[in-house]
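Peer 1: Read off the chains here:
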Amino acid sequence: MRRLALGVAILFGCKSGGAAPGTLQLALINDPILNPVLAPDIGSILVNKVIFPGLVRPDEHLRPEPDLAESWTISPDGRTYTFKLRAGVKWHDGQPFRARDVQFTFEQILDANSGSMLWSDFSMIDRVEAADSLTVTFRLKTPSASLLTLLGYNAGIIPEHAFGGKPILDNTAFNRGKPIGTGPFRVVSATPGSSLILEANPDYFGSPPRLRQVVFRLVPDGSAQVAGLRAGELDLVTIEPASLPGVRGAPGIVVRDATVPQHYFVGFNQRLARFKPAAVRRALDLSINRRAIVDGVLKGSADLPVGTIPVALAQWFADSLPRIPYDTAQARQLFASAGWRRGAGGLLRNAAGEPFRFTLLVDKGNPSREQAALAVLQDLKAMGADATLQTLEFSSLVRDYLQPGRFEALLIWWTTPPDPDQFSYYTTGQINNNVAYSNRRADSLLLAGRGETDSLRRRAVYLAFQALEREDPPVLVLFYPRELMAMSARLTGVPRLGIRDALRHLESFGFR
Amino acid sequence: MGYSRFVLRRLLQGLAVLWIVTTATFILLHLAPGGPAILADPKLSPVERQAIEHRLGLDRPLPVQYLAWHRNLLRGDLGKSYLYQTPAGRTVLERVPNTLLLTGLALTLSLLIALPLGSWAGRHPGKPADRLLELASFTALSLPTFWFGIVLIILFAALWHLLPAGGMATPGLESSLADRARHLVLPVLVLALPGTAELLRYVRSSVASASTAPHVTAARARGIGEPAVSRRHILRNALLPVVTVIGLQAPLLVSGAAITETIFSWPGMGRLGVEAALGRDYPVVMTITLAVAAAVILINLLLDLVYPLVDPRIRA
Numbered sequence: 003m004r005r006l007a008l009g010v011a012i013l014f015g016c017k018s019g020g021a022a023p024g025t026l027q028l029a030l031i032n033d034p035i036l037n038p039v040l041a042p043d044i045g046s047i048l049v050n051k052v053i054f055p056g057l058v059r060p061d062e063h064l065r066p067e068p069d070l071a072e073s074w075t076i077s078p079d080g081r082t083y084t085f086k087l088r089a090g091v092k093w094h095d096g097q098p099f100r101a102r103d104v105q106f107t108f109e110q111i112l113d114a115n116s117g118s119m120l121w122s123d124f125s126m127i128d129r130v131e132a133a134d135s136l137t138v139t140f141r142l143k144t145p146s147a148s149l150l151t152l153l154g155y156n157a158g159i160i161p162e163h164a165f166g167g168k169p170i171l172d173n174t175a176f177n178r179g180k181p182i183g184t185g186p187f188r189v190v191s192a193t194p195g196s197s198l199i200l201e202a203n204p205d206y207f208g209s210p211p212r213l214r215q216v217v218f219r220l221v222p223d224g225s226a227q228v229a230g231l232r233a234g235e236l237d238l239v240t241i242e243p244a245s246l247p248g249v250r251g252a253p254g255i256v257v258r259d260a261t262v263p264q265h266y267f268v269g270f271n272q273r274l275a276r277f278k279p280a281a282v283r284r285a286l287d288l289s290i291n292r293r294a295i296v297d298g299v300l301k302g303s304a305d306l307p308v309g310t311i312p313v314a315l316a317q318w319f320a321d322s323l324p325r326i327p328y329d330t331a332q333a334r335q336l337f338a339s340a341g342w343r344r345g346a347g348g349l350l351r352n353a354a355g356e357p358f359r360f361t362l363l364v365d366k367g368n369p370s371r372e373q374a375a376l377a378v379l380q381d382l383k384a385m386g387a388d389a390t391l392q393t394l395e396f397s398s399l400v401r402d403y404l405q406p407g408r409f410e411a412l413l414i415w416w417t418t419p420p421d422p423d424q425f426s427y428y429t430t431g432q433i434n435n436n437v438a439y440s441n442r443r444a445d446s447l448l449l450a451g452r453g454e455t456d457s458l459r460r461r462a463v464y465l466a467f468q469a470l471e472r473e474d475p476p477v478l479v480l481f482y483p484r485e486l487m488a489m490s491a492r493l494t495g496v497p498r499l500g501i502r503d504a505l506r507h508l509e510s511f512g513f514r
Numbered sequence: 229m230g231y232s233r234f235v236l237r238r239l240l241q242g243l244a245v246l247w248i249v250t251t252a253t254f255i256l257l258h259l260a261p262g263g264p265a266i267l268a269d270p271k272l273s274p275v276e277r278q279a280i281e282h283r284l285g286l287d288r289p290l291p292v293q294y295l296a297w298h299r300n301l302l303r304g305d306l307g308k309s310y311l312y313q314t315p316a317g318r319t320v321l322e323r324v325p326n327t328l329l330l331t332g333l334a335l336t337l338s339l340l341i342a343l344p345l346g347s348w349a350g351r352h353p354g355k356p357a358d359r360l361l362e363l364a365s366f367t368a369l370s371l372p373t374f375w376f377g378i379v380l381i382i383l384f385a386a387l388w389h390l391l392p393a394g395g396m397a398t399p400g401l402e403s404s405l406a407d408r409a410r411h412l413v414l415p416v417l418v419l420a421l422p423g424t425a426e427l428l429r430y431v432r433s434s435v436a437s438a439s440t441a442p443h444v445t446a447a448r449a450r451g452i453g454e455p456a457v458s459r460r461h462i463l464r465n466a467l468l469p470v471v472t473v474i475g476l477q478a479p480l481l482v483s484g485a486a487i488t489e490t491i492f493s494w495p496g497m498g499r500l501g502v503e504a505a506l507g508r509d510y511p512v513v514m515t516i517t518l519a520v521a522a523a524v525i526l527i528n529l530l531l532d533l534v535y536p537l538v539d540p541r542i543r544a
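Chains as they are written, first to last, in our numbering: chain A, 3 to 514; chain B, 229 to 544.
Simulated from the structure, these hints should not be mistaken for lab results.
Just so you know, not all the hints are guaranteed correct.
[Claimed, not checked] Below, in silico cross-link-like pairs of lysine to any residue (SDA-like), each with a Cα-Cα straight-line distance of 25 Å or less:
1. A/Lys180 <-> B/Gly307
2. A/Lys383 <-> A/Gly367
3. A/Lys168 <-> B/Arg277
4. A/Lys180 <-> B/Arg318
5. A/Lys168 <-> B/Arg318
6. B/Lys271 <-> A/Ser426
7. A/Lys143 <-> B/Lys271
8. A/Lys143 <-> B/Val275
9. B/Lys271 <-> A/Glu372
10. A/Lys168 <-> B/His282
11. B/Lys271 <-> A/Leu171
12. B/Lys271 <-> A/Ser370
13. B/Lys271 <-> A/Lys92
14. B/Lys271 <-> A/Gly453
15. B/Lys271 <-> A/Ser135
16. B/Lys271 <-> A/Gly367
17. B/Lys271 <-> A/Lys301
18. B/Lys271 <-> A/Arg408
19. A/Lys301 <-> B/Ile382
20. B/Lys271 <-> A/Arg443
21. A/Lys143 <-> B/Ala279
22. B/Lys271 <-> A/Phe396
23. B/Lys271 <-> A/Asp445
24. A/Lys278 <-> B/Pro270
25. A/Lys92 <-> A/Met126
All chains, full assembly: derive it from the sequences and hints.
Peer 2: Here is the structure:
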């Protein structure tokens, strides 16, 4: 009996929770792939932001600031970027960082067969050349105003010497165990399915890291993440609005939100005649009570939309335009002008007597999205649409419906780099224009915007685009979500950015 | 002589079952809507999609993929995980000890509680303590694992700071028995609870019906003492169906417990299996199917070998 008591004492005796001082504990939902060129998922992307700096990184206003590159010049035609690299930077294995590494990284990125997940971000690049050991030149096929932003987004630089000329996909030791980057923290150990331990890099080129250690723990379940935070086993987690009550007011925990470059929308397939007229899409746009969705479903942690450019991109967001109103009277007029009138049973019908019928698709499992879809459905039914809701797995939604263009309406979202370039989403015939939106003025504005390197002129272009979207909406934008972060009140130095961009500044994180 | 032929025949049957199971899994996996998570990125361009499909061999006709999987299997190559970029065989194997530790302890705990309590209750039906046990096992069976696990974490980890909220060990800490044990308490408890309740009810009813069997009454009539009656005439007979139930629970040992492993961030097979199925990580799903099916077949074979020891009649 005494032995048992002793055992229990050992079991409960040592204080649980908190790690060694100076250790930051973060959560991941899955095992990461420690290579920014190959990273397919959010978990990998987060970790790689810490291990692999890029040429530039976003500052607190999401503008590019120097990182591995010290300075850069842009040729007058906007097609040649020359970067001067920081001298004396070392890889985590002690080897010197050179321009060759940048060239190598982009050779891999631009080769779709390398396993690159960044190919489409950089398809405007013709070639990248190391002019000398500290100068690298990017030559573009077409002028690009977003290149700098994209370089600071997911394009971490990887070391040429670590791959020895072999395919980067095959280097499992690097990609899953011992990656080599130039960031403020380097990987000490990786335990599959459990954790990833990083320690401060004494050779880091920027300001010295304040933390001694960073531990990424694999905690796949959202409620378990919140519980882990309260138990002191995690110091910062991103949460869903539904988890807010579990952390608000909890001792030692603060909740913050940040606007992020995302827009959630309902896309109507404009391959179908009934969604083609701009008047119909404007009518649909005015039929939605977005305030109710933001307050009811998202507990206020979202902003009301103007167009497809989210408020997080403050430099480009059209704050002079009013938010999209909820105006059912005008919506009814617009439906009528497009030939849709309410007939027997309150259903919208056209001259041929056909009902305004469609199925709205949404991925299952995320309560916020499912409830938002339900709210949209009810608002549109109230207008007389004969609408039904169908939930299905996200991968099926994308592969079987979105990409082949076989849908009527679906609720989805875009997470974009912190740049207003939406050419590939809303230009006629472009790869991500799944709703088949086509407006010639939008085409020319989006083309102009992506090449315009003068920021004042570029802003004018995107203001015009956002105004145009009100007359001919490409999609029914629902809201811009805010990312909710719950963190230890002792944590300091966290920039006011979404988690993705904040982790680019991990050396400034510390504890009070 | 007949015995080894029996074992050989069962092994061959096992191989056939294995083939049927993997083939059915292969077909179902590919028929299911959606596809590999790596292809579910809405931003992918056609160029990237084709490159990925080609790399993973998904651009080949289904029968060709099916044959290729078998050819590689015979060479001991189970393919590379789509999600983790690691060899599927190694990825699954890494998780096996973690799962065996968790589920093995949970099953042991279940047996330690359910066998004595269940057989006591079976011999004393209707007593207040028996009623209490019945109520307790009903409650245990109806607690949702997910909810119960989170409640325990909130109480023991978040509020009282007595036990860790999840994981197998404190990352970065020198591995110690005490630390490992502390991480095991809550998940083992949550995992053992429903199994214990189920087993207890089974043992109880099995013992209760054996207690009233005519040969038991006859044994008592012959004046045999109650302890001997219990041991030789009741428990022995009651044990046989219980072995079957344990056998039915045993596949869980290998396949793991997806929900418990997810809530407690336990790096086991159950969680791996769910992640692989959701992400349509074909090589990992196939490897897990193969491993679990093989284990179930082996366990059943072992049970068939154990029955004759428990019941001499089967030896005939």
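Peer 1: Taking the hints in turn, state whether each one holds.
Peer 2: Outcome of the hint check:
| no. | hint | result |
| --- | --- | --- |
| 1 | A/Lys180 <-> B/Gly307 | holds (22 Å) |
| 2 | A/Lys383 <-> A/Gly367 | holds (23 Å) |
| 3 | A/Lys168 <-> B/Arg277 | holds (22 Å) |
| 4 | A/Lys180 <-> B/Arg318 | holds (17 Å) |
| 5 | A/Lys168 <-> B/Arg318 | holds (22 Å) |
| 6 | B/Lys271 <-> A/Ser426 | holds (9 Å) |
| 7 | A/Lys143 <-> B/Lys271 | holds (21 Å) |
| 8 | A/Lys143 <-> B/Val275 | holds (18 Å) |
| 9 | B/Lys271 <-> A/Glu372 | holds (22 Å) |
| 10 | A/Lys168 <-> B/His282 | holds (19 Å) |
| 11 | B/Lys271 <-> A/Leu171 | holds (21 Å) |
| 12 | B/Lys271 <-> A/Ser370 | holds (22 Å) |
| 13 | B/Lys271 <-> A/Lys92 | violated (34 Å) |
| 14 | B/Lys271 <-> A/Gly453 | holds (21 Å) |
| 15 | B/Lys271 <-> A/Ser135 | violated (34 Å) |
| 16 | B/Lys271 <-> A/Gly367 | holds (21 Å) |
| 17 | B/Lys271 <-> A/Lys301 | violated (29 Å) |
| 18 | B/Lys271 <-> A/Arg408 | holds (17 Å) |
| 19 | A/Lys301 <-> B/Ile382 | holds (23 Å) |
| 20 | B/Lys271 <-> A/Arg443 | holds (24 Å) |
| 21 | A/Lys143 <-> B/Ala279 | holds (22 Å) |
| 22 | B/Lys271 <-> A/Phe396 | holds (13 Å) |
| 23 | B/Lys271 <-> A/Asp445 | holds (19 Å) |
| 24 | A/Lys278 <-> B/Pro270 | holds (22 Å) |
| 25 | A/Lys92 <-> A/Met126 | violated (29 Å) |
Violated hints, listed in ascending order, are 13, 15, 17 and 25; each of the other numbered hints is respected by the structure.
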